[in-house]
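Going by my numbering, the first residue of the sequence shown is number 1, and it counts up by one from there.
FYI, nobody ran anything at the bench for these hints, they're computed from the structure.
All residues carry an ideal CB built from backbone N, CA and C; glycine is no exception.
Be a bit skeptical, because a hint or two may be false.
Claimed, not checked - Here are the simulated DSSO-like cross-link-like pairs (lysine-lysine), alpha carbons at most 27 Å apart as the crow flies:
#	residue 1	residue 2
1	Lys-594	Lys-633
2	Lys-447	Lys-459
3	Lys-661	Lys-340
4	Lys-447	Lys-241
5	Lys-447	Lys-273
6	Lys-459	Lys-609
7	Lys-160	Lys-210
8	Lys-59	Lys-241
9	Lys-273	Lys-241
10	Lys-447	Lys-59
11	Lys-594	Lys-609
12	Lys-273	Lys-59
13	Lys-594	Lys-636
14	Lys-59	Lys-160
15	Lys-447	Lys-609
Said to hold, decoys possible - Label-pair distances were calculated between CB atoms; the ranges are:
#	residue 1	residue 2	range
16	Gly-308	Val-44	49 to 59 Å
17	Gln-518	Glu-587	46 to 56 Å
18	Gln-151	Gly-208	13 to 23 Å
19	Asp-242	Gly-73	18 to 28 Å
20	Asp-643	Tyr-229	31 to 41 Å
21	Ala-200	Asp-404	53 to 63 Å
22	Leu-123	Asp-179	42 to 52 Å
23	Leu-35	Asp-467	58 to 68 Å
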Amino acid sequence: MISTAIRVARVGSAAELAAAVLMMLGFCCLMLAALIPSVPVFAVAAAATYVGDHYLHRKGSYLISCLSRVRAGLSIRFLIRQLLLILLLARLALADDLIYYGAIACFIAFYALQAPHGALVTLIRNRRRMPIATRNVDLASRLHIPDAPPQYLLHRSAEKMLHFDVVALAGILLSAQLDSPVAGFVGIGLTLLLGCAYIAALVPYVRGEKIPPHANRILAAVDDWLREYRPQTVLYFSGSKDSAYQVNMWLETMAQLETRALVVLRERGILEKLAPTTVPVVCVPGGVHLMNMDLSTVRVALYAANVGKNIHLLRVPTMKHVFIGHGDSDKVASINPYSKVYDEVWTAGRAGRDRYAIADVGIRDEDIVEVGRPQLAPIQGRQAVPGDRMPTVLYAPTWEGWDDNPGNTSLMRAGENIVRGLVEADPPVRVLYKPHPFTGTRSGAAKAAHRRITALVEKAAAERAADPRYSADAQSAAQSAAQEELARIEARLAELSGGGEKGDEAEATRDGMVDAAQLAEIARLRAEWNDAYWRSFPTWEHRVVTGPEPQLYDCFNVSDAMVSDISSVVSDFIASGKPYAVTDSAELGAEEFKRQNTAVRAAVILTNKAAGLDELLAAVRDPDADPLAEDRKELKRYLLGPDEPTSIEQFNAAVAALARKAEIRNLGQGPRAEVAEVPEEAAGAPGEAMGVREEAAVVPEADAAESADGVAAG
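Make the full structure from the sequences, and use the hints.
Given below as structure tokens:
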């Protein structure tokens with residue numbers, strides 16, 4: 001019942017629901033108290049509305065935005081409270097008193113102050129919004145970018161300004177109760193004084209040296225840096241905040257390239273979620289700004305997703321364009337016909353090539369290059385389960401996808417059956433449940449299933465902790481030490497990442513140069529954190545793992561087997577050589593399911609009722625009872641390519657080969673079109689060894705700048 005009320009009220013938790021009810025009832029009681037009239041009841045009801053409103057804003061409740069859309073926004077709610085106060089004074093027969101007119105004049109003047117306050121806040125924010133935000137790009141030596149205003153001046157500024165009326169309201173209520181105007185006029189004066197002081201505090205940030213440079217100067221400075229840096233390989237990405245993992249997975253690979261790398265992002269939200277990296281990053285929200293950037297030295301552009309905004313870079317002919325995706329799987333996204341727009345499509349192994357051939361979506365075989373999966377290096381191979389440790393099984397379902405295909409995820413049809421079968425297994429196993437970051441973003445049914453599975457895992461964990469067989473080990477000295485170590489590492493990480501007040505986009509751009517030594521320390525600390533995390537609780541304790549840490553590959557490494565769906569998660573897990581199971585959610589039948597999906601050919605196939613779990617668990621407990629071990633080795637080579645040369649070596653070779661093709665094409669289009677062959681030694685440094693510098697080949701066009709973003713995401 002409570003969950004239904006939470007859904008109907010558009011709030012995120014029971015606490016938010018309580019705050020919403022408190023606020024709504026508070027406004028009803030305000031009306032009642034004004035009509036009765038009763039000053040004490042009015043004061044209590046007003047306090048309830050302030051508290052409820054503030055809590056919902058602090059939590060960023062969706063209800064707040066819903067109220068704004070139905071003309072019951074923040075300003076209206078404050079105005080209603082003030083009008084009801086005037087009604088209270090009238091009902092108390094104070095309509096002829098000075099305090100009555102003072103209250104009316106105060107609220108009129110107070111609302112008059114909202115206009116300059118709002119204008120200043122908007123002006124400051126707009127001026128400090130960079131046309132191009134950067135990381136690891138030296139703009140500080142080229143531009144003077146002043147410090148951001150203190151966060152307390154701009155964060156939730158409208159809410160803060162409006163709350164100054166609480167002083168006047170309290171004073172007026174006190175005057176009404178004591179029948180003396182003194183407290184009321186003191187409150188009125190303080191409210192207006194606070195409003196004026198807030199405005200005065202903002203004024204310096206729209207004057208003189210506290211104003212950031214004009215957009216044209218920033219764009220020119222970025223182009224100046226580009227001409228100096230001369231990037232050769234670009235990783236291009238556009239998407240929602242939740243899709244940041246798709247670009248983060250390629251950052252380490254970009255850092256290991258033998259050419260000068262650059263990351264180009266299109267959304268500010270992605271930049272906020274970007275993992276630390278030493279690779280230069282530019283975030284260019286505007287299509288026209290991107291098309292006017294000097295990327296003339298770039299010879300290879302890599303794309304991690306199929307989205308509409310890709311057109312803004314795809315239209316540049318002086319570079320070769322490659323789809324690298326964000327995982328290798330049998331999902332429809334891995335055979336997207338949109339991939340025809342790229343010069344090449346890079347896959348992990350032979351399976352990706354065959355997948356496109358079978359789908360017959362127009363991708364030519366000669367345009368497909370097998371480069372391995374450089375990101376899989378951290379995944380550890382299978383080890384025997386020690387006799388004193390309970391085996392761990394990871395359940396990592398994918399999300400519900402963009403359509404209602406039953407084969408997208410096992411979450412709704414089989415998730416509870418799978419988890420119940422695992423937590424009730426005998427001999428017992430530990431269960432880790434790590435849902436996809438997108439779970440529940442499109443489907444309410446998927447969100448509900450996720451919540452039920454989470455509750456199931458947490459209940460099983462609580463029951464196991466209460467079991468005398470396990471409770472003795474519930475909190476050992478080693479676990480306590482690990483928890484203390486976690487706290488120490490987290491404090492140090494917060495210190496290194498600038499814990500505390502952070503600057504705005506302009507300040508982050510100015511100070512965005514990453515210290516390589518500091519980044520190395522952060523990487524070391526994260527590895528230590530991961531180790532301490534798994535030691536901080538018993539090896540038999542079931543866990544729900546959400547958020548960015550621990551990462552999926554860390555879960556792979558502590559697990560002895562995995563249950564998942566058709567997704568890149570399965571292909572990646574195959575690198576470990578460990579047993580795995582995949583759910584036939586669409587009920588195709590095991591043989592047809594294997595025929596359609598390469599990655600499941602060495603998997604235990606589960607039904608929606610979780611039939612087949614026993615076979616998986618037997619393989620986990622006894623390697624001799626694992627008939628699919630050799631099949632997994634063969635499938636690993638087919639899906640992910642050979643172990644030698646390493647993936648990063650294959651990737652670098654592919655970049656160099658494609659850069660050479662770009663140079664040949666550019667020379668053919670230049671004044672020396674008669675040149676039919678490029679010397680082999682010229683291929684070493686794209687854009688430099690050839691002695692050719694292309695002019696900026698991009699001219700903004702309105703039609704391209706306005707291109708839609710609705711192409712199916714990869």
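Here is how each hint holds up against the structure:
1. Lys-594 <-> Lys-633: 17 Å, holds
2. Lys-447 <-> Lys-459: OK: Lys-447 and Lys-459 at ~18 Å, within 27 Å.
3. Lys-661 <-> Lys-340: With a Cα-Cα distance of about 18 Å, the restraint between Lys-661 and Lys-340 holds, given a limit of 27 Å.
4. Lys-447 <-> Lys-241: Holds, at roughly 18 Å.
5. Lys-447 <-> Lys-273: Between Lys-447 and Lys-273 the Cα gap is close to 23 Å, so the pair holds against 27 Å.
6. Lys-459 <-> Lys-609: This hinted pair holds, its Cα atoms lying about 21 Å apart.
7. Lys-160 <-> Lys-210: Within the cut-off at roughly 23 Å; holds.
8. Lys-59 <-> Lys-241: Given that 27 Å is the threshold and the Cα spacing comes to 18 Å, the pair holds.
9. Lys-273 <-> Lys-241: 7 Å, holds
10. Lys-447 <-> Lys-59: Between Lys-447 and Lys-59 the Cα gap is close to 20 Å, so the pair holds against 27 Å.
11. Lys-594 <-> Lys-609: 18 Å, holds
12. Lys-273 <-> Lys-59: 20 Å, holds
13. Lys-594 <-> Lys-636: 15 Å, holds
14. Lys-59 <-> Lys-160: 15 Å, holds
15. Lys-447 <-> Lys-609: Answer holds: Lys-447 to Lys-609 is near 20 Å, not above 27 Å.
16. Gly-308 <-> Val-44: 49 to 59 Å: 53 Å, holds
17. Gln-518 <-> Glu-587: 46 to 56 Å: 52 Å, holds
18. Gln-151 <-> Gly-208: 13 to 23 Å: Holds: the Cβ-Cβ distance is about 21 Å, inside 13 to 23 Å.
19. Asp-242 <-> Gly-73: 18 to 28 Å: Roughly 27 Å apart at Cβ, these two residues keep to the hinted range, so it holds.
20. Asp-643 <-> Tyr-229: 31 to 41 Å: 34 Å, holds
21. Ala-200 <-> Asp-404: 53 to 63 Å: About 56 Å separates the Cβ atoms of Ala-200 and Asp-404, which means 53 to 63 Å holds.
22. Leu-123 <-> Asp-179: 42 to 52 Å: For Leu-123 and Asp-179 the Cβ distance comes to about 45 Å; the hint holds.
23. Leu-35 <-> Asp-467: 58 to 68 Å: Since the Cβ atoms of Leu-35 and Asp-467 sit about 60 Å apart, the hinted range of 58 to 68 Å holds.
When the structure is compared with the earlier hints, no violation turns up for any of them.
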